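Peer 1: Take a look at the letters that make up each chain.
Protein chains: 2
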Amino acid sequence: MQSNHHKILIESIRRLLRRDATTHLVKIVDKTHVADLAEVFRSLSLSHQRKLFDMISDTEQKGLLFSELDEDTLMGFVEEMELDDLVEILDHMPTDDVADLIGRLPEDKSASILEKMKKEGSEEVEGLLRYEDDTAGGIMVPDFIALRENITSRKAIESLQKEYMDVEMPFYLYVVDEYGKLVGVSSLRQLVVVRPDTPLKDFMTTDIIAVKTDVDQEEVAKIVARYDILAVPVVDEYGKLIGIVTVDDIIDIIREEATEDILKMAGAGEEFVETQSVVRSTRIRLPWLFASCVGGIIAFIIIGRFEESLSKFIYLAAFIPVIMGMGGNIGTQSSTIVVRGLATGRLNIIDIWSVVFKELAIGLILGVIYGVLIGIVAQVRYDTGALAISVGVALICSMSVAALIGSLVPMLFARINVDPAVATGPLVTTAIDIISVFFYFTIATTLLGI
Amino acid sequence: MQSNHHKILIESIRRLLRRDATTHLVKIVDKTHVADLAEVFRSLSLSHQRKLFDMISDTEQKGLLFSELDEDTLMGFVEEMELDDLVEILDHMPTDDVADLIGRLPEDKSASILEKMKKEGSEEVEGLLRYEDDTAGGIMVPDFIALRENITSRKAIESLQKEYMDVEMPFYLYVVDEYGKLVGVSSLRQLVVVRPDTPLKDFMTTDIIAVKTDVDQEEVAKIVARYDILAVPVVDEYGKLIGIVTVDDIIDIIREEATEDILKMAGAGEEFVETQSVVRSTRIRLPWLFASCVGGIIAFIIIGRFEESLSKFIYLAAFIPVIMGMGGNIGTQSSTIVVRGLATGRLNIIDIWSVVFKELAIGLILGVIYGVLIGIVAQVRYDTGALAISVGVALICSMSVAALIGSLVPMLFARINVDPAVATGPLVTTAIDIISVFFYFTIATTLLGI
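One line per chain: the protein sequences are A and B, in this order. Mapped onto numbering that gives the first Met the number 0, the consecutive letters of the first sequence carry residue numbers 0 to 449. Mapped onto numbering that gives the first Met the number 0, the consecutive letters of the second sequence carry residue numbers 0 to 449.
Derived by calculation from the structure, the hints in this document are not laboratory data. Note that the structure is a prediction, hence the values are computed from the model and not measured. Some hints here could point you the wrong way.
Which chain B residues stay away from chain A? Per the calculated CB distances, all over 12 Å, these [unchecked claim]:
#1 Ala20
#2 Asp84
#3 Lys108
#4 Lys115
#5 Ile329
#6 Leu403
#7 Ser435
In silico lysine to aspartate or glutamate, EDC-like type, Cα no more than 16 Å apart, as pairs [said to hold, decoys possible]:
#8 A/Lys311 x B/Asp350
#9 A/Lys30 x B/Asp350
#10 A/Lys6 x B/Asp350
To give a feel for the contact side, a few chain B residues facing chain A, derived at Cβ under 8 Å [claimed, not checked]:
#11 Gly183
#12 Leu229
#13 Gly295
#14 Gly344
#15 Tyr369
#16 Ile434
The beta-carbon is built from N, C-alpha and C at its ideal position, and this holds for glycine as well.
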């Protein structure tokens, strides 16, 4: 469904909700894919969400909807629900999503839910809760097909028809030894194309791509993306197969990680916060702005020290914005290219010096171009050679240093295993602001002889 | 393979290449997955790339490597190759990648390649070249399974074993009518679980998610992500099935689109450019910086108009950096949240006013907090009430307006179907710089009565 259709869907559902047109709404809800319903849900008020939710007749559909909702919408909605209703729906959700949700609830609530979930799945959920949210263990599902290597293709197909009807993504058949250790992998397709009496071990692949439970989800996503696979098996420390991470979850992770990086780079937190909460958003952005506030105060102190020079050459002040702005922008360009390059694997930290050198060269060239341009503007306006030269040289220095810092800082952060995305945004920009102002006044006062 | 392993792999291959240790290298190349080789390739010089490439014995492996390489690395490499060698390798690549590559070559070269590719696939490639690169038609592959609705499950499995051995992603079986029109879809899994004599029409799904050839790739990616499917069928204007887009390509698209957005927001072009070319990178960044340069000149003109006031209150200049910096940073936060929110579907343009209002509220709150803080700093340093108030009020205005512009501009851009990512970065920042400076001096001169 394209975004325009979404817009129409949201608008009509809102209108119908306001009009309490239940019959009509039930019909729409019935015909709409849960993924689309989830999208609608997000832009409704809590009371409208509840109304719409009650119109879904099928518990399974309700479970699917929960899986599709983003965290904030879901948590807001779940907090107000009756425990019994909630547990019934959780029973219809994929284990990894249930574990995720329970892990985010207040402790007393999650304990009583786990207690209530008496079905076999509950142990699975408890199992998943042991792993960190953003590791292979936290995102895996325990639904996979595991067969022994002596089983023939025919037998394998039979067990698919019986035991494994519930498996979500039955494309890979994992082959395990007597201890459950992963020893091979085959595919549904291979099953279908080999002769029925061929044992798995004769056509399985033993060259297995697998991850341990503690591997970071970003790393898991990279592996799935790199090797073009639909699921990656997760093994414990003994090599025992305990779950799989499927490609549909990987897609969500790739989008989330990109979002995280983008928001971090802008100093706007790590995750989207609830769309309605101004207070939470404010709290998240506050500390990042503090960095730039401190930077501003430092710049203010620097300029204060040059007050006397400023009083002689008032027009020095007029060039502060252009020097800060150009430095800040080229610094952002450099750091963005490096941060994203590292995230996508396009840049490698072992190439640190060639990358930094390249950025420095770009900064220098662009600095010269714009330095000359702004120098000419200064000359035309004030007709003071020394000022024009000061402004031009300051711009060259500021832009080169900005490109240098912008590329070097994230590279260094990556090298010491700190997320390079954090290094950019306010931190780098603020550093560049301070340095630019300092350079500018030092160069200007020297050249103007004041 | 984790990034640390990659680092080791790259370093050892580089070392071996320098030492010309061919036997050792051939062994490593043989054992390494092409996806990993592609990663290594990227950080080698062209001559080393060529050396390493010649060590790959299997043409199919060479084709796979080509598919894995990023565009710049590939194009640099291909330009120097003999036509015959190239065509032989192209024969071993997926059709969509071949079409992509040929579409990017100079016209004369691509024409002679197409001529040489005499195999049946060549027409397929020519077919794909008709569609825009970043549409469903441009990214689809023509390898899919299409069966008629009366065929039984057993017959279907038989034809999988015969005709469709080459299909890359055989998870969905598309059901078509006599004109090739898509009428249903089934899965390999369903084939295996139903009774062998059941005709497809009895268990196929008729509720099909499909896209037309001209749908934007970003939209296709959203559909695959939303509905958690592994492939989406592509139909022509008559509903005839002509290709599928598979989830592995979708993953690449999602990463590319995120990268594009990030780079655009930073005003650093749309795509990563060849890692070695300083000149190309410079050229791409130049126009974006020009926006901020023009902004700087405007700010300079504004400040020039207040020169007289400045000469009376020199210390007004000292607060320029903090007011510009804070405004710029909160503007970037707001615009980033809106741009990414729109891209992920978390924000919808119909909510424009609630989003903008929320951002304005956040800007106002943060403006008051930091306005008071900086006002106090000003008061402590200069002990001039009017100055402290001017600085504080200017900061409040600047931050509120920055949040307003930062959220409103991308929303408006989205509404008129211009990519909102372009709206952020240098454009928004520059606008905010100008407005901040203007506010500051207007408020200060009014309050200080100069």
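Peer 1: Each hint needs a verdict: does it hold in this structure or not?
Peer 2: Tested hints:
Against chain A, the non-interface label of B/Ala20 holds: every CB pair exceeds 12 Å, the least being about 20 Å. Distance check on B/Asp84: its Cβ is at least 25 Å (rounded) from any Cβ of chain A, clearing the 12 Å threshold; non-interface status holds. Taking the minimum C-beta to C-beta distance to chain A, about 26 Å, the non-interface status of B/Lys108 holds against the 12 Å cut. Even its closest Cβ contact with chain A, about 28 Å, leaves B/Lys115 beyond 12 Å, as expected for a residue assigned away from the interface.
Once the 12 Å rule is applied to beta carbons, B/Ile329 is inconsistent with being away from chain A; the minimum gap is 6 Å. Every CB of chain A is more than 12 Å from the CB of B/Leu403 (nearest about 14 Å), matching its label as outside the interface. Annotated as non-interface, B/Ser435 brings its C-beta within 12 Å of a C-beta of chain A; the closest such distance is 9 Å. Note on A/Lys311 and B/Asp350: the hinted pairing is violated, with a Cα-Cα distance of about 52 Å set against a maximum of 16 Å.
A threshold of 16 Å between alpha carbons decides the hint, and for A/Lys30 with B/Asp350 the separation of about 24 Å lies outside it, so the pair is violated. Distance restraint check for A/Lys6 and B/Asp350: the Cα-Cα separation of roughly 10 Å lies within the 16 Å cut-off, and the hinted pair is therefore satisfied. Below 8 Å, beta-carbon pairs count as interface contacts, and B/Gly183 has none with chain A, the closest being about 17 Å; its hint is therefore violated. Below 8 Å, beta-carbon pairs count as interface contacts, and B/Leu229 has one with chain A at about 6 Å; its hint therefore holds.
Residue-level restraint check for B/Gly295 holds (minimum Cβ-Cβ distance to chain A is 3 Å; threshold 8 Å). A least Cβ separation of about 6 Å between B/Gly344 and chain A falls short of the 8 Å threshold, and the interface hint therefore holds. At a threshold of 8 Å, the smallest CB-CB gap from B/Tyr369 to chain A is about 6 Å, leaving the interface hint in force. Nearest Cβ of chain A to the Cβ of B/Ile434: about 11 Å, over the 8 Å cut. The hint is violated.
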